[in-house]
Each structure stands twice: as structure tokens, then as C-alpha cells.
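Read top to bottom, the protein sequences are chains P and V.
My numbering puts the last residue of the first sequence at 361; the count rises by one with no breaks.
My numbering puts the last residue of the second sequence at 77; the count rises by one with no breaks.
These are computed hints drawn from the structure, not numbers from a lab.
Wrong hints could be hidden among the right ones.
[As the list claims (entries may be wrong)] Here are the simulated DSSO-like pairs of lysine-lysine, each with C-alpha atoms no more than 27 Å apart in a straight line:
| no. | chain 1 | residue 1 | chain 2 | residue 2 |
| --- | --- | --- | --- | --- |
| 1 | V | Lys44 | P | Lys230 |
| 2 | P | Lys233 | V | Lys59 |
| 3 | V | Lys6 | P | Lys233 |
| 4 | V | Lys46 | P | Lys230 |
| 5 | V | Lys59 | P | Lys230 |
| 6 | P | Lys101 | P | Lys60 |
| 7 | P | Lys232 | V | Lys59 |
| 8 | V | Lys44 | P | Lys240 |
| 9 | V | Lys44 | P | Lys232 |
| 10 | V | Lys39 | P | Lys240 |
| 11 | P | Lys139 | V | Lys6 |
| 12 | P | Lys215 | V | Lys44 |
| 13 | V | Lys66 | P | Lys233 |
| 14 | V | Lys6 | P | Lys20 |
| 15 | V | Lys44 | V | Lys66 |
| 16 | V | Lys6 | P | Lys240 |
| 17 | V | Lys46 | P | Lys215 |
| 18 | P | Lys233 | V | Lys39 |
| 19 | P | Lys138 | P | Lys233 |
| 20 | P | Lys232 | V | Lys46 |
| 21 | P | Lys240 | V | Lys46 |
| 22 | V | Lys66 | P | Lys230 |
| 23 | V | Lys46 | P | Lys314 |
| 24 | P | Lys230 | V | Lys6 |
| 25 | P | Lys244 | P | Lys138 |
| 26 | P | Lys232 | P | Lys244 |
| 27 | V | Lys66 | P | Lys232 |
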Amino acid sequence: MERYSRHIILSEIGQEGQDKLNLAKVLVVGAGGLGCPVLQYLAGAGIGTIGIIDFDVVSKSNLQRQVLFGTSTLGENKAIAAKQRLEDLNDSIIINAYPEKLTHQNATSLFSEYDIIVDGTDNFETRYLINDASIITKKPLVFGGIYKFEGQISVFNYNNGPSYRCLFPNPPEAGSVPNCSEIGVLGVLPGIIGSMQANEVLKIILALGQNLSGKLLCYNALTLQSSIIKIKKSENEINKVLEKSETFQLQNQPINTCNPMSIFVSIQDIFQEENIQFIDVRETHELPKVNELDITSIPLSELENQVSKLDSDKKKVLFCQAGIRSRSAVLFLQQQNIENCFSLIEGASGINSFISQHKKN
Amino acid sequence: MNISIKYFGLIAEITQCAHETLIFSESSLNELLAQLYIKYPRLKEKEFQVAQDQELISKETVLTGKELALLPPFAGG
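The following block holds chain V by itself, in its conformation from the complex (with noise of 0.2 Å):
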């Protein structure tokens, strides 16, 4: 399946983009971020939440396909 991912923060920078749509055929978060890592090792170094059609989930989620938005916290005040 074609999973758009919306990437925030420093997580874009590590990225070099805001928003891309990836092909994905396993089926839990923690696959999908195993192939992320690949593509981008440095995002192993993050700390970061998933969040899946506008609600964070865990690891062991199964991905639905909907649009999934990597979160970075932010320390600047």
C-alpha cells in the first residue's frame, strides 16, 4: 500500500522534506520504522511519536494506511 507520511521539525530536516508518500507492504509501525531508519539512519538518533490519521500510536500498530505524522518535541521557548 501508499503511505503518506507528514514529517515535523527537526525530523524534516533529517528528512529533507515536510510530506512524502512511501510503498509499504509489512504491516506494523515498527516495520514501517525499520525501513525509515534505513532510508534515513540519522532519525535512529530522535526522539519522536507516530501519530495515524491525527492520533499517536505505538509500535505494535497495525498501519491502516491512513496518513501517519512523525512528532519531534520541541525545547524552544
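Bound conformation, chain P alone (with noise of 0.2 Å):
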């Protein structure tokens, strides 16, 4: 097949493994920084099915790095405007797209329907319910993250080696560790990264060379200098996660923190209620400014002087730029006893997004 000759001629991969590669599922969670390129590689190769899962909506900003957008696709859901680049990249390979979040609920029946799983996500929460939910359904988990100018790749659950609890046994406090929306990330970074991780799904597929089972490869974009750090299994951690398989899908919270999920709404949800106050939590010279909604700016850090700000009769919804300060500050809100907090899960371009397309539609 001319599509894959530069395969085929490859002594080491040859039929037999273009084939391997048209018969494997991958799932892809999160198309955004590293699902872009982990997606544009495992589509170019011939992965026969890739699911992509993103409840996301590609924003301006976003165009920095997720090279699979453009300014034609701003505002889509980017699960389906990533299967439709995709599919005119390769129209031989089935490609689904699910426009949701992963949850609890969804995430073990999902992870089942494929052999591989790709972590492309930008948050802790959903880090380690991928991690968990790898680990009950037996799935390899290839996973990636990135910090500025630096980036993690690793390879978990394979061959019963170690999960990403072996490494990080439990997630860091909310709002501790900030995201990429937050603080910035140097644009080619999770395009390295994404690469780098649609490698290992590749070698995992074929059995070439050595992955990263067992180990975590440090990379430093301005250095250019790279570490490769054993991780050794812990049977006690990974027996916490199976220990509850069974009532996993139950959960609605992530294992290990008490914070109830309860705190968070989507934009659009309570986009027609009435009586709401928004407070944008972001400093004050934060773009973009969200000029459509009536909004009270408390920033953060000045939360607890200006309480007062609050109005006791409506339902508050804070919302910043990615949902992790907004979820501090309720969380902070909680302890004052200041009840009817929401955080809000879009960021301050999610709600600009979320209403340019409303009022298209």
C-alpha cells in the first residue's frame, strides 16, 4: 500500500507490522497541547481505530500549539474537529470522536473498547482517574505532561509494570501545581512531548526497541538535556485502586481527595438560570475579559478582604482561566461557611467560546 511504504521498507516493521498497526485501538484522551501531535502521528501511521475524547472547544489561544486547529475550526467541539482534520489525513482508519468529559461513570466501559490509552489531559483529576481506570480495565497508559519548559513521558500499567501511583502516589493539593492556561507553555514543548508519546504507543504496537515501562524521561527544552528516572511497581498502591473497582464507576469524586465533584458546573448549565453573580477570580489585568456577562472581579488573592463583595442571595459561580484557582477559592469560601459556591469548569475563554456560539446558533 503506497500510503505506508516508508513503513513497509523498514526491515523492522515490514507487512507484518503495518498490519499490527491497522488492527490496534487507541484512545486518546484530550485533544489539545500533546493529543494533537499524538493524534496527527498514530493517524498518519495507520492506527486502524482512534477514539478521541474532549468535552473542550477550541479557542484562540489554543492555535499555539494544537496543531490540528485553525481559525476555521474556533468554537468546535475539538474531539470532532480533530476526526474531521484526521479523517482527511487518513480516510482509511476509523476515527471516533466523543464530545464529553471522561468520568467516572464513562471511563472504564470506554478504556475496554481499546488496547492503548494516550493521557493528553491538563489536570491532576483527570490524570488519576485515567490512571485508575487503566489500571482496573489492564490498559498500557502512554503517558505525558508538560510545565513551561519542560516536559514527563512515561509508560504505565504495561506488562503489570508500574502506574502513574508508583511514581506520584497521590494528587498535589488543588491549585498547587498551576496549568499550562495559567502560567504559559513554550508552544513547540507538547509538540516534543506529543511525539515522543505517539513513539512509545508505535513501539508498545510492534514490540520494537524499548519503552518507557518502568521509567520516567525528564526533558528540558532549554537545556536540551534529558533524564531517564527508575520507577519502581508499588503493589500497595495499585491494590488501593483495584480494592475499589468495583464501585468505581460509583464515584463521582477522585480517589483520595474530598473534595465533592458538586462544586463544579459547566457554563452550559447554568447559562439560562437567573439570580447568578459571576466573580472572575483572575488577577485584574487577565485577559481575555469576559465583556458579555455581568461579572465582579475579586482576584484570589484578595479573596479574604473582599468577601463582603459577595452577594448572600444569588448563587456565585467564580470562574479564572482553567478552573483551578476558581476551585480554591470555593474551596476557601466553603471553610468561611459561605454557602451556594460554584466553580465554574470553563475557563474565561471556555465562557466567551460557549457564548459567541450560543448566540450563532
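Hints are included, so try docking the two chains, each in its own frame, into the full complex.
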């Protein structure tokens, strides 16, 4: 087949290897900075079935690094926009788009339909959910994470190998590790790390070389230094997840945290509601502004002194850039016994995208 | 002994350097961390793991003098 000729003439792959790729099923969670390059190379390589799950929509600030999208797909769901782009790249594979959030309810049944899971998400809650669902469904997990100019890559749950919890047993406290939308990221970095994740996926399917099972690769784009750290398997951590496997789907909160998910709301659920006070907890200089709604500005750093700005008669919906600071703010307000406070899942640009989409329809 | 320590991600932002060498007379990682927490109080708020000679170690591990690395988890994607 002409499409895959450059693979097939490699003696290490050949037609036999290419057939393995065509039969493989890979699920990519998150079609963002990491997910886009992963998806691009997996589709190009002819992975026979590719799943993409992402609830988010394309915003302008994504285009600096999320290479599957363009100005023509602004405001569209990322899973659906990625599927359209990839179908043009390779029309001989099956691409399933799931424009929804990965939850404890849908994760295990979705994972069961695939051979390998790729983590391209941008928050710890989902990362731990993916890890635990991979353990329960016994699927290898190709992990990637980035911070400004640095990246981490590993392969978890491969042939009974270590998991993410063997490396970091517990999720960091909410708000203690900022993500890209709060602190920025070098655009090319997720391109490098995502390409390495795609490489690990192909190696696992083809049984080529040595994959990163039991190892964490740390890469620094500024110094070009990389280190490989060995990770030991912790049976204890894995057993803790397996013990909870029967009740996994009933959980609506991440394991090992006590923050109820019920503090989260989505813009589409509350947009039509009345009697809401929207509170922007970002610093006053941060962009984009949300001009279409009546907003009260209380930066997180001043929340303690400006509690009086909260309207006790209204449902209070707090937002920031990515939902991390707003979550911290809601947890703080709960400690102060201030009720009826919610953290918006979407950030400011998500609100703006939703409103402009809503107006179009 | 001299211990060479590498810092990654936001840990390096707290220490204001990616690499340093400390003089250290105690034996376990726990004791070294106590020393680091005095030098960098904000480290206490952060989640991280420590590797010695490219291998993850526990807090009770006796230090050999080989290079250490402080690794935080990365959220971004």
C-alpha cells in the first residue's frame, strides 16, 4: 500500500508490522497540546481505530500549539474538529469522536474498547482518573505532562509494570501546581513531548526497542538535557485502586481527595439560570475579559478581604483561566461557611466561546 | 559529604537554580529534606519525589552521595 510504503520498507516494521498498526485501537484522552501531535502521528501511521475524547472547544489561544486546529474550527468541539482534520489526513482508518468529559461513569467501558490509552490531559483529577481506569481495565497507558519548558513521559501499566500512582501516589492539592493556561507554555514543547508519546504507542504495538515502562523521561527544552529516572512498582498503590474497582463507577470524585465534585458547574448548565453572580478570581490585568456577562472581579489574592462583595442572595459562580484558582476559591469560601458557591469548569475563554457559539445558533 | 542536587519544574523556580551542591553530614533523605525546608520554606507546600542516582527513593533511604533529583508532577498538556 503506497500510503504506508515508508513504514513497510523498514525491515523492523514490514507489512507484518504495518498490519499490527492497522489492527490496533488507541484512545487519546484530551485533544490539546499533547493530544494533537499524538493524534496526527497515530492517524498518519495508520492506527486502525482511534478514539478521541474531549469536552472542550477550540479557542484562539490554543492555535499556538494545537496543530490540528485553525481559525475555521474556532468554537468547535475539539474531538469533532480533530476527527474532521484526521479524516482528511487518513481516510482509511476509523476515528471515533467523543465530545464529552471523561468521568468515573464512562471511563472503564470506554477504555475496554481500546488496546492502549494515551493521556494528553491538562489536570491532575483526570490524570488520576485515567491511571486508575487503566489499572482496572488492564490497559497500557502512555503518559505525558508538561510544565513551561519541561516535559515528562512514561508508559504505565505495561505488562504489570508500575502505574502513575507508583510515581506520585496522591494528587497534589488543588491549585498547588498551575497549568499551561495559567502560567504559559512554549508552543513547540507539547509537540516534542506528544511526538515522543506517539513513538511509545507505536513501539508498544510493534514490540520494537525499549519503551518507557518503569522509567520516567524528563526533558528540558531550554537545555536539551534529558534524564531517565527508574520507577519501582508499588503493589500497595495498585491494590488500593483494584480494591475500589467494583465501586469505581459510583464515584463522582477523585480517589484520595475529599473535595466534592458538586462544587463544579459548566457554563452550558447555568447559562439560562437567573439570579447568578459571576465572579472573576483572576488578577485584574488577565485576559480575555468576559464582556457579555455582568462580572464581579475579586482576585483570589484579595478574596479574604473582599468577601463582602459576594451577594448572599445569589448563586455564586466563580471562574478563572482554567478552573483551578476558582476551585481553590470555592474551597476557601466553603471553609468560611459561605454557601451556594460553585467553580466553573470552563475558564474565561471557554465562557466567551460558549457565548459566541450560543449567539450563532 | 558533598551532594549534588538537580531541581525540576516549579521546584527549580522555588530554589532559583536548576542545580546545586550542598555539604551534608547526616545520613537519610528525611534529614536532607529538613535542611532543604529551612533553606527553601516554600518547598514544604509542593508535592515532589526524590531520585538518587536516577532511581526513586523513600524518605528513609540512606544517601550515598550520588546525584539527587527533585521531581514534581506536571499537570499541563
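Each hint tested on the structure:
Distance restraint check for Lys44/V and Lys230/P: the Cα-Cα separation of roughly 24 Å lies within the 27 Å cut-off, and the hinted pair is therefore satisfied. Taking the CA atoms of Lys233/P and Lys59/V, the gap is near 17 Å; set against the 27 Å cutoff, the hint holds. As the CA atoms of Lys6/V and Lys233/P are separated by approximately 23 Å, the hinted pair is consistent with the 27 Å bound. Straight-line distance between C-alpha atoms of Lys46/V and Lys230/P comes to about 21 Å, which keeps the hinted pair within the 27 Å bound.
Among the hinted pairs, Lys59/V with Lys230/P is consistent with the structure: their alpha-carbon atoms are about 16 Å apart, no more than 27 Å. For the hint linking Lys101/P to Lys60/P, the alpha-carbon distance of about 21 Å falls within 27 Å, and the restraint holds. Restraint check for Lys232/P and Lys59/V: satisfied, since their Cα atoms lie roughly 15 Å apart, inside the 27 Å limit. For the hint linking Lys44/V to Lys240/P, the alpha-carbon distance of about 26 Å falls within 27 Å, and the restraint holds.
With a C-alpha separation of about 24 Å, the suggested pair Lys44/V and Lys232/P falls inside the 27 Å cut-off, and the hint holds. The hinted pair formed by Lys39/V and Lys240/P fails the criterion: a straight-line CA distance of about 35 Å is larger than 27 Å. For the hint pairing Lys139/P with Lys6/V, the CA-to-CA distance comes to about 33 Å; that exceeds 27 Å, so the pair is violated. For the suggested pair Lys215/P and Lys44/V, the alpha carbons sit about 26 Å apart, so the restraint of at most 27 Å is met.
Between the alpha carbons of Lys66/V and Lys233/P the distance comes to roughly 22 Å, so the proposed pair stays at or under 27 Å and holds. Straight-line distance between C-alpha atoms of Lys6/V and Lys20/P comes to about 41 Å, which puts the hinted pair past the 27 Å bound. Restraint check: the Cα-Cα separation between Lys44/V and Lys66/V comes to about 23 Å, which is no more than 27 Å; the hinted pair holds. Restraint check for Lys6/V and Lys240/P: not satisfied, since their Cα atoms lie roughly 31 Å apart, outside the 27 Å limit.
Proximity of Lys46/V to Lys215/P is assessed by CA-CA distance (about 22 Å); at most 27 Å being required, the pair is judged to hold. At most 27 Å may separate the alpha-carbon atoms for a hinted pair to count; Lys233/P and Lys39/V exceed this at roughly 32 Å. About 15 Å separates the Cα atoms of Lys138/P and Lys233/P, which keeps this hinted pair within 27 Å; it holds. Distance check on the hinted pair: Lys232/P and Lys46/V sit about 22 Å apart at the alpha-carbon level, within 27 Å; holds.
For the suggested pair Lys240/P and Lys46/V, the alpha carbons sit about 23 Å apart, so the restraint of at most 27 Å is met. The hinted pair formed by Lys66/V and Lys230/P meets the criterion: a straight-line CA distance of about 15 Å does not exceed 27 Å. Between Lys46/V and Lys314/P the CA atoms are separated by roughly 35 Å; this puts the pair beyond 27 Å, and the hint is violated. A C-alpha spacing of about 16 Å is found between Lys230/P and Lys6/V, which places the hinted pair at or below 27 Å, so the restraint holds.
Straight-line distance between C-alpha atoms of Lys244/P and Lys138/P comes to about 14 Å, which keeps the hinted pair within the 27 Å bound. Taken as a hint, the Lys232/P and Lys244/P pair is honoured in the structure, with Cα atoms around 22 Å apart against an allowance of 27 Å. Restraint check: the Cα-Cα separation between Lys66/V and Lys232/P comes to about 19 Å, which is no more than 27 Å; the hinted pair holds.
When held up to the earlier numbered hints, the structure conflicts with 10, 11, 14, 16, 18 and 23 and fits the remainder.
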